[in-house]
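*Asks:* Sequence:
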Amino acid sequence: AARRGLLERTSCVEAAGGASGSKKRAARLRSSMLVGFALPLLGASGAVLAGTGAARLGPAIRADFPLLEQQVHDGVPLVYLDSAATSQKPAVVLEAMARHQERDNANVHRGAHALSVRSTDAYEAARDKVAAFVGAASRDEVVFTSGATEAINLVAQTWGRANLGEGDEVVLSVAEHHSNIVPWQLLAAERGVVLRYARLNATEQLDLPHLLTLLGPRTKLVAVQHVSNVLGAVAPVGEIVAAAQGVGARVLLDACQSVPHMPVDVGRLGVDFLVASGHKMCGPTGVGFLWGRGEVLEGMPPWQGGGEMIDQVSVDGSTFLPPPARFEAGTPAITQAIGLGAACDYLRTLGMEAVEEYEHELGAYLYDRLSAVPGVRIYGPPPSVAPRAALAAFNAEGVHPSDLAAFVDQDGVAIRAGHHCTQPLHQELGISGGSARASLYVYSTKEDVDAFITSLEATLKMFEGLGE
2 AARRGLLERT SCVEAAGGAS GSKKRAARLR SSMLVGFALP LLGASGAVLA GTGAARLGPA
62 IRADFPLLEQ QVHDGVPLVY LDSAATSQKP AVVLEAMARH QERDNANVHR GAHALSVRST
122 DAYEAARDKV AAFVGAASRD EVVFTSGATE AINLVAQTWG RANLGEGDEV VLSVAEHHSN
182 IVPWQLLAAE RGVVLRYARL NATEQLDLPH LLTLLGPRTK LVAVQHVSNV LGAVAPVGEI
242 VAAAQGVGAR VLLDACQSVP HMPVDVGRLG VDFLVASGHK MCGPTGVGFL WGRGEVLEGM
302 PPWQGGGEMI DQVSVDGSTF LPPPARFEAG TPAITQAIGL GAACDYLRTL GMEAVEEYEH
362 ELGAYLYDRL SAVPGVRIYG PPPSVAPRAA LAAFNAEGVH PSDLAAFVDQ DGVAIRAGHH
422 CTQPLHQELG ISGGSARASL YVYSTKEDVD AFITSLEATL KMFEGLGE
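Residue 398 in our numbering sits at position 397 of the sequence shown, and the numbers go up by one each step.
Please note: incorrect hints may appear among the correct ones.
[What the hints assert, rightly or not] Derived Cβ-Cβ restraints for the label pairs, each shown as a range:
id	residue 1	residue 2	range
1	V386	K462	24 to 34 angstroms
2	G376	E448	17 to 27 angstroms
3	V374	A163	43 to 53 angstroms
4	N106	V77	16 to 26 angstroms
5	Q246	R100	41 to 51 angstroms
To be clear, the hints were calculated from the coordinates, so they are not data collected in a lab. What you are looking at is a predicted structure, and each value in this text was computed from that prediction instead of being measured. Ideal placement from N, C-alpha and C gives every residue a C-beta, glycine not left out.
Make a model of the complete structure from these sequences and hints.
*Replies:* Put into structure tokens, the structure is as follows:
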């Protein structure tokens, strides 16, 4: 009855200082030391989890995430399967941010008083943690942004404006998130830059041979995602980097769906830029980062002007600090950055190899169970063909994805419906109404998957009955 009542209310339309002061400040920034890396593997109870096998990782840490322990819709337990959109936050991250606000809140880099010093130290320690988390050669290669979207726009508006002109080419793929398409379209409209798109192959992965045919003497940048937020496919970054370097092009990697889920080392990847968002990796919203190769960042002009990024200002002009300060104009998101640093600490205690192993097993379980549901079509390569992320975008025959998401929500199951900021990909796949997506993270469990499948099957059975 509740399902039928909801059906009546649900539409099938998708919801849709001076030089000496600058030197002292720079010295202070560089003196901030990395903290928090030699942490024992702890669960919510404080018990050491070092002996916990990867297969039991999710259940062992579940209590670290207080939001998951709630009921929705009159006592229905929450089953959160929307982690590709945003992850939940462990208590240690929430506590780190609250502690800063309660004890240390002050502006950074500008004050000699105790609160400002403590705030600056914590903010810059977070930069160290992010740098270590992605294997950066220097802390100065990490620029804090509001998220991956701002990080890509920063590259487009600084490196892009300085290096791209009429007829120069940027190679993307049809599977990119809108945040890795629209900034380049804006630049293309302004500068006459040509955008070229690699298509998908028969197994719905990036068609590497086709991408290689797009590279040429006018190619200046290849900008692709590491892991697809819809297809779950992992890009062959090594081959892409080698080919791009062969024509003298830079490589930007959208790592929003890889940095939270697997070991990522920018040195080994060989890319020139990497972007990620804090809220997808157990951190808060409103913060992310751009990693850029040191010599590349050094050659980039400022984007936004204001405090923090200047060396000297006069009525005749201004000079600017070196990276990363050059790209962090104004008061930064201090508390959020501290939260991101705490998230890096948390994930490092788990071990990213263990996270990847656990999610690989859980993702395969999701794929197997979902593919066994009659009438369901999952997008992207099956696990037997290629490694894939612990997510599944799908459609069910005869039922709009928004309706599916609305009905399983009545059973407490939170999935996403829509285009997932990938309209060109959905067009490439011939999908007009979007898709539904269930996405897992390290705190997800097989029981979550089972609850989702049970609710999905009941929903599809109800719709089938309505058609009879």
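*Asks:* Work down the list of hints and note, for each, if the structure agrees.
*Replies:* Tested hints:
Between V386 and K462, the C-beta spacing of about 30 angstroms keeps the proposed range 24 to 34 angstroms intact. The given range of 17 to 27 angstroms is respected by G376 and E448, whose C-beta atoms sit roughly 24 angstroms from each other. Between V374 and A163 the C-beta distance comes to about 51 angstroms, which sits within the given range of 43 to 53 angstroms. For the pair N106 and V77, the supplied restraint of 16 to 26 angstroms is violated, since their beta-carbon distance comes to about 38 angstroms.
The hinted range of 41 to 51 angstroms is satisfied by Q246 and R100, whose Cβ atoms lie roughly 44 angstroms apart.
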